[in-house]
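**Student:** Let the hints inform the model, and build the full structure from the sequences given.
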Amino acid sequence: MKHLTLGAAIFAALATPVMADDITVGFAIAKSGWMEAYDTPAATAAKIRIDEINAAGGLLGKQIKWIEADTRTDRAEAAKAGLEMVDQGAQMMVVSCDYDFGSPAALVAEGEGMNSFFLCAEDVKAGIQGVGPNAFSASVLAPVQGATMAEWSYNKRAARKAYVLEDTFIEYNKGICTGFDWMFPRLEGAEIVGRDTFKNDDASIASQITRIKALPQEPDVIMLCSVMPGAAAAVRQIRAAGINSLILNGSAVDGSYWLDATPDLSGFVVPVQGSIYGDDPRPEVEAFNVAYEKATGARPASQYAYPGYVLIDLWAKAVERAGTVDGAAVTAELEKMKDEPTAFGPRSFSSELHHQNTALMQIIEITNGKPGRVDEWRISEPVPMDVLITK
Amino acid sequence: MTEHQARKLASLTTPVLLIALLTAFVLLIGAFGDRSLGRMAAETLIRVTLVVGFWIFAGNSGVISFGHAAFACVGAYVSAWATLKPAMKSLLLPGLPDWVAQAEWHVLPAAVVAGVVAALVALLAGAAILRLSGIAASIASFAFLAMVNTIWSNWTPVTGGTSSVVGLARYVTPWVGLGWAAFAILVAAIYGASASGLALRATREDEVAASASGIDRYRHRLAAFTVSAFFCGVGGALMGHFIGVINPDGFYLSLTFLMLAMLVVGGIGSLSGAVVGVLVVSIAVEGLVRLEKGVTLGATQFALPAGSQEILIGLAMILVLIFRPAGLLAGRDLILPAAWVAGRAKTPK
Amino acid sequence: MTLQLLFDALSLGGIYAIAALGIALIFGVMKLVNFAHGQFIAFAVFALIVPSTDAVAVMGLGAAPALVLVPALLAVGAGLAVASEYLVFRPLRNASPVALMVASFALGVVIQNVLLVFYGGRPKAISLWPDLGKPVQLLGAEVPMLQIIVICAVLLVLALLALMLKRSRIGLEMRAAAEDFGMARLLGVRANAVIAGAFALSGALAATVALVLVAQTGVADVRMGGQIMLIAFIATVVGGMGSLPGAVAAGFAIGAASVALQAALPIEARPFRDAFLYGLVILVLLLRPQGLFASASAKPRV
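Residue numbers (the working numbering), protein chains in the order written: chain A, 1 to 391; chain B, 1 to 349; chain C, 1 to 302.
No lab work stands behind these hints: they were computed from the structure.
It cannot be assumed that every hint is accurate.
What the hints assert, rightly or not - Calculated cross-link-like contacts (lysine-lysine; reagent style DSS-like; alpha-carbon spacing at most 27 Å): (1) C:134 with A:161; (2) A:199 with C:134; (3) A:47 with B:293.
**Tutor:** Encoded structure:
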């Protein structure tokens with residue numbers, strides 16, 4: 001008898017994977033491998049927003065249910081994970097943070113006419129220009145981050161002479177530098193006095209530093225287009241060589257977890273979508289940080305949890321307006337969004353661009369090893385399309 | 001029929017048996033598997049194409065090449081250049097010459113050309129690398145792989161650099177994979193039985209004796225290297241059209257070692273070893289991945305911890321090497337017994 | 001400027017030289033191209049911190065004073081290497097070099113994924129000896145303190161190793177084994193002791209590289225040993241497989257070539273620096289197939 005009930009319970013669990021009147025969101029994300037560290041926080045944030053929507057009565061009167069599959073930080077596995085999500089009845093697909101690892105699953109969604117959202121891709125190709133017409137990212141394009149750094153440092157720190165140090169490891173880095181290269185020389189009296197490249201896993205960047213030191217005068221700012229762990233290593237070596245220029249970087253190095261690499265670091269600035277340090281002027285941001293801590297036991301380690309929250313927020317609004325989860329209809333509603341308010345600032349999409357080509361960014365500066373929000377900045381004009389594409 | 005003829009005939013049954021094995025594999029999965037298993041079957045057959053291509057050189061010459069993933073890289077990008085929509089190319093790859101940018105080929109000629117271009121690259125690179133012997137040749141091929149990877153990651157206008165190229169038509173079904181894998185196996189068997197293949201194996205067994213018998217090692221190695229690169233190029237193109245996204249990083253160290261591992265697990269000494277190695281490793285990986293996702297045994301849900309698949313596969317590889325140092329097939333080929341073949345050949349008379 | 005470049009070349013080349021030596025030692029005694037060496041390095045780096053998948057690293061062993069830390073970490077590296085010899089490579093003693101190489105690769109995969117499970121995939125920061133991050137004046141060049149320490153440490157390690165190889169019995173046996181292992185055994189060299197000794201030394205050298213890397217970059221990442229291992233691997237061959245001085249010289253040469261290329265190439269070509277570097281390697285091999293310093297055993301004999 002006991003066996004029979006158990007068997008029946010298992011059968012019931014297998015036979016009804018998805019309730020017919022739920023809306024199902026599929027997460028094809030890395031749950032193992034090195035991408036996991038980036039995907040998990042953003043996916044957690046997305047699930048927090050799903051829970052909030054469900055608690056407030058759901059979407060189109062239905063509850064949102066989520067399912068997930070592991071991409072193992074592998075492109076071929078990502079495509080398989082995407083298929084698995086489709087087979088299990090996903091109606092919208094959330095894919096890995098990074099464009100390279102997320103796109104195989106996003107392409108599967110595209111093939112089914114479903115919407116796909118990258119957890120935090122910042123490359124224009126993670127949208128119409130690459131994956132297809134129903135793919136979106138809720139993060140802020142890398143060139144916007146670079147341009148924000150250029151204009152902010154020019155206006156607020158009187159930066160006139162800049163040096164560009166580019167890590168050729170991944171496309172994101174190149175995007176940051178593209179934005180900086182576009183904005184900085186346009187500013188009156190500003191000039192890029194030199195540039196160099198390195199690789200993220202270089203054991204030493206001594207010769208790149210020697211080139212900076214050979215300049216007749218120390219640059220006002222160094223635009224460091226890099227990600228962890230190379231960025232932390234570069235900062236440590238730059239400061240160890242006695243170069244005290246203000247160092248600018250993209251959002252990717254937000255967080256205080258790496259600061260041990262350069263104790264008492266000062267003069268290091270990054271643009272972010274919201275502050276994790278409890279000093280964001282918008283109460284919604286801090287409310288999210290608290291909700292995240294309640295869900296996971298720790299505050300977000302970097303700003304990359306936020307785009308996960310924003311993407312569900314925007315998608316749910318578009319679904320509500322379209323009255324359906326059908327990919328094309330939701331895309332049409334998303335493309336109508338112009339400065340749509342979210343907890344982390346206004347967001348826009350258009351029929352040309354499924355990304356943010358301008359955004360209000362919080363400026364985080366690290367002083368004596370302590371990060372804190374010092375300012376906010378929105379670039380004076382959006383990064384034009386030809387800059388975004390011809391990198 | 002002489003005994004020699006019977007043996008020769010029997011050896012011809014190897015490719016037939018291997019192709020039958022792969023066909024059975026595809027049919028089984030088609031009949032019982034879900035879509036995700038279907039993907040796994042297609043991926044496995046692409047790997048058969050790659051590894052059999054790799055075997056044509058490494059198995060016959062005994063020289064371990066680290067450069068074959070580079071040929072897969074070249075093949076994948078050539079096929080992307082030939083088949084992507086012109087609008088997409090002008091957007092992602094603005095540096096392509098006009099006639100390439102305008103091309104919009106069918107996928108089959110694109111795959112063939114991908115193989116041919118990879119073979120040409122191999123001919124050029126091999127002309128230098130294969131002058132070296134043994135471990136020096138291996139290292140030079142390694143340096144070649146690293147060079148190709150560096151160039152592909154930074155030649156942004158033409159390759160898209162480190163950014164993935166998307167939009168490749170995803171046409172590779174298990175049957176397409178089977179077609180190419182079967183072709184690769186046939187060519188490998190024919191090459192292995194040819195004068196050049198036999199000469200090359202002679203240099204593998206005893207370099208000095210072979211050269212004393214007047215065998216030009218360099219020429220035969222170069223021939224095998226070129227044929228071998230053709231199939232790696234095709235395999236790369238198939239891989240690109242299977243995932244839909246290509247990136248230089250996908251054709252670097254992990255692919256190199258996956259190919260090597262499959263070859264060594266199956267046994268580098270024989271063509272059957274190459275095919276069996278791919279099947280065994282692919283099936284083991286898939287099984288472990290499924291275990292990691294969790295299976296229901298009776299009333300208990302059982303799942304391996306995340307990340308354990310890679311650890312277990314690594315340990316399994318070490319165990320195979322310790323207990324079957326020459327691989328699972330230990331240099332033997334799947335063949336029908338010579339006596340049986342001879343008997344069959346006689347009956348019609 | 002030129003003096004500064006010399007320091008750059010020495011500090012980068014020094015890291016490569018120590019890593020190459022670690023690979024050459026093992027190749028010399030058992031013809032094993034050890035692809036797990038990069039993971040030995042990564043393992044030693046992570047041994048400094050407490051296992052956890054949190055973003056912030058908590059120093060474990062790394063918090064100990066240098067006098068305890070350095071020998072302890074060297075012991076960790078040596079221990080890992082000896083354990084892998086005992087568990088993986090000893091049963092494979094008579095396998096072909098290809099099988100050995102693939103086994104070492106598999107071992108590397110295992111170590112890397114074990115690290116991933118225990119430490120997570122996020123790179124971590126390690127504050128090791130933060131006081132070193134200050135520049136000092138030396139012969140008219142402003143050199144980071146770190147660089148001087150790195151160069152001194154490399155020279156010290158090389159000197160100690162040379163002394164050990166020249167003066168101790170196990171060192172003599174190791175050199176003999178590297179020259180011609182079969183002959184050395186016939187003359188009474190203890191194979192197990194020599195091979196275990198070579199692995200221990202190689203592991204300790206990997207730990208040395210780990211320490212230098214951490215001091216230089218301040219980060220820990222599961223993938224961090226890979227690039228150095230590749231270069232070291234190439235240095236070992238260019239130097240002449242099995243030749244210990246050759247590996248050291250080639251390590252320094254590749255470091256110097258890398259620095260020189262970075263300094264001399266125009267900006268458009270600089271991202272292709274490594275392609276030029278590997279091209280040079282192929283060229284060197286074509287001109288001197290046995291490496292710059294061929295050991296007597298490198299040539300196949302009839």
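**Student:** Compare the structure with each hint and give your call.
**Tutor:** Quick rundown of the hints versus the structure:
{"no.": "1", "hint": "C:134 with A:161", "in the structure": "25 Å, holds"}
{"no.": "2", "hint": "A:199 with C:134", "in the structure": "24 Å, holds"}
{"no.": "3", "hint": "A:47 with B:293", "in the structure": "20 Å, holds"}
Every hint, counting from the list given before, is met by this structure.
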